[in-house]
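Enquirer: Sequence:
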Amino acid sequence: MTVDKGQESIRIDKFLVNFRQNSSRNKISQTCRAGNVVVNGSPVKQNYRVKPGDEISVLLTKPPRENIIIPQDIPINIVYEDEDVVVLDKEAGMVVHPGHGNYDGTLINALAFHFEKNGVKSDLDRVGLVHRIDKDTSGLLVVAKNEYALSFLAKQFFDRQTKRLYWAFVWGNMEDEAGTIRGNIGRHLKNRMQMAVFEDESFGKHAVTHYKVLERFRYITWVECKLETGRTHQIRAHFKHIGHTLFNDERYEGNQILKGINMPKYKQFVKNVFEILPRHALHAHTLGFVHPTTKEEMYFESPMPNDMDEALNKWRKYLES
4 MTVDKGQESI RIDKFLVNFR QNSSRNKISQ TCRAGNVVVN GSPVKQNYRV
54 KPGDEISVLL TKPPRENIII PQDIPINIVY EDEDVVVLDK EAGMVVHPGH
104 GNYDGTLINA LAFHFEKNGV KSDLDRVGLV HRIDKDTSGL LVVAKNEYAL
154 SFLAKQFFDR QTKRLYWAFV WGNMEDEAGT IRGNIGRHLK NRMQMAVFED
204 ESFGKHAVTH YKVLERFRYI TWVECKLETG RTHQIRAHFK HIGHTLFNDE
254 RYEGNQILKG INMPKYKQFV KNVFEILPRH ALHAHTLGFV HPTTKEEMYF
304 ESPMPNDMDE ALNKWRKYLE S
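Per the numbering used here, the sequence shown runs over residues 4 to 324.
Bear in mind the hints are in silico, worked out from the structure with no lab data behind them. Incorrect hints may have been included.
Taking lysine to any residue pairs in the SDA-like style, the calculated list, with each CA pair at most 20 Å apart, reads [said to hold, decoys possible]:
#: 1; residue 1: 17; residue 2: 59
#: 2; residue 1: 208; residue 2: 195
#: 3; residue 1: 120; residue 2: 107
#: 4; residue 1: 270; residue 2: 222
#: 5; residue 1: 138; residue 2: 108
#: 6; residue 1: 158; residue 2: 231
#: 7; residue 1: 215; residue 2: 306
#: 8; residue 1: 120; residue 2: 84
#: 9; residue 1: 138; residue 2: 168
#: 10; residue 1: 208; residue 2: 163
#: 11; residue 1: 54; residue 2: 192
#: 12; residue 1: 268; residue 2: 278
#: 13; residue 1: 208; residue 2: 159
#: 14; residue 1: 298; residue 2: 86
#: 15; residue 1: 8; residue 2: 203
#: 16; residue 1: 274; residue 2: 222
#: 17; residue 1: 270; residue 2: 221
#: 18; residue 1: 262; residue 2: 220
#: 19; residue 1: 158; residue 2: 301
#: 20; residue 1: 215; residue 2: 182
#: 21; residue 1: 48; residue 2: 6
#: 22; residue 1: 193; residue 2: 11
#: 23; residue 1: 262; residue 2: 279
#: 24; residue 1: 166; residue 2: 232
#: 25; residue 1: 208; residue 2: 160
#: 26; residue 1: 193; residue 2: 234
#: 27; residue 1: 193; residue 2: 253
#: 28; residue 1: 120; residue 2: 81
#: 29; residue 1: 193; residue 2: 207
#: 30; residue 1: 138; residue 2: 194
#: 31; residue 1: 166; residue 2: 135
#: 32; residue 1: 268; residue 2: 222
#: 33; residue 1: 298; residue 2: 160
#: 34; residue 1: 215; residue 2: 227
#: 35; residue 1: 262; residue 2: 316
Between beta-carbon pairs, the in silico distance windows are [stated by the list, open to error]:
#: 36; residue 1: 268; residue 2: 86; range: 54 to 62 Å
#: 37; residue 1: 79; residue 2: 8; range: 39 to 47 Å
#: 38; residue 1: 178; residue 2: 279; range: 25 to 33 Å
#: 39; residue 1: 307; residue 2: 56; range: 44 to 52 Å
#: 40; residue 1: 166; residue 2: 94; range: 19 to 27 Å
All residues carry an ideal CB built from backbone N, CA and C; glycine is no exception.
When you get a sec, could you build the whole thing from the sequences and use the hints?
Expert: Written as structure tokens, this is what we have:
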């Protein structure tokens, strides 16, 4: 990997823990001591401070633990399944794939159990996820059950031929009825848990989000988002960048009252809505793709989840009163 031009000088063990979220700091330190962290062609110790432009190579002594898929009997909502694909409607709060801090209890663990119970052979270590949605994002995603399906669907996502719409509640009253957000997205230079938008195109990856307003609530707006690209946290980072952070998005500071009036009654109201919707307000509403084998166009819709629907009704009643 190449260190970003704007990266601040920090210890390499801290940098790698933030960059490789499937590895602990102790694991990185051990790897450094073994001489398996190389910067610009030379091994470095864990206290080496990274600099912009550094070329870093890491050889882990063992494969990441998340490659081990343990079947677990966890309820999941399968809306379609055949020999090639599974389409699921994921609940908010479920991690999609095992990773650092979430080695079990994930959607993939649940699928492994489902396949095992039904005698389906599908190596989820090598095939499976075509795309992902965040832990606290609800809605639709497709999983491939064989390598051909994975390759066929992955090309559709790469060529931007899938049909995906998201629903989001964002802070503030959007100025326009519809619009497009453009800006490269990359890892935040200081807060590695966030993604950031960079005006300088030498940073991050090209990203485009189209949106239209569905309903206004004076202090928040319900928007529909169409992704032209599929970057990590794309909707969350793009809307924060234009001053309309997702409602109750803790990672991007949307779990504070960003718009409204300085009145105790209003503050209590927002607090109540946060409790009703205790996660960022984002839902993968639609998913469309061409089937790998039949070449049929398939299209799925997921209704508004209960927590978002209840939050909407709260805002409607608040404005009426």
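Enquirer: Against this structure, judge whether each hint is valid.
Expert: Taking the hints in turn, this is what the structure says about them:
no.	hint	in the structure
1	17 <-> 59	14 Å, holds
2	208 <-> 195	16 Å, holds
3	120 <-> 107	18 Å, holds
4	270 <-> 222	12 Å, holds
5	138 <-> 108	12 Å, holds
6	158 <-> 231	14 Å, holds
7	215 <-> 306	18 Å, holds
8	120 <-> 84	14 Å, holds
9	138 <-> 168	18 Å, holds
10	208 <-> 163	15 Å, holds
11	54 <-> 192	12 Å, holds
12	268 <-> 278	16 Å, holds
13	208 <-> 159	19 Å, holds
14	298 <-> 86	14 Å, holds
15	8 <-> 203	11 Å, holds
16	274 <-> 222	14 Å, holds
17	270 <-> 221	15 Å, holds
18	262 <-> 220	11 Å, holds
19	158 <-> 301	16 Å, holds
20	215 <-> 182	6 Å, holds
21	48 <-> 6	17 Å, holds
22	193 <-> 11	7 Å, holds
23	262 <-> 279	18 Å, holds
24	166 <-> 232	11 Å, holds
25	208 <-> 160	16 Å, holds
26	193 <-> 234	19 Å, holds
27	193 <-> 253	17 Å, holds
28	120 <-> 81	14 Å, holds
29	193 <-> 207	14 Å, holds
30	138 <-> 194	19 Å, holds
31	166 <-> 135	15 Å, holds
32	268 <-> 222	15 Å, holds
33	298 <-> 160	15 Å, holds
34	215 <-> 227	5 Å, holds
35	262 <-> 316	18 Å, holds
36	268 <-> 86: 54 to 62 Å	56 Å, holds
37	79 <-> 8: 39 to 47 Å	42 Å, holds
38	178 <-> 279: 25 to 33 Å	27 Å, holds
39	307 <-> 56: 44 to 52 Å	47 Å, holds
40	166 <-> 94: 19 to 27 Å	22 Å, holds
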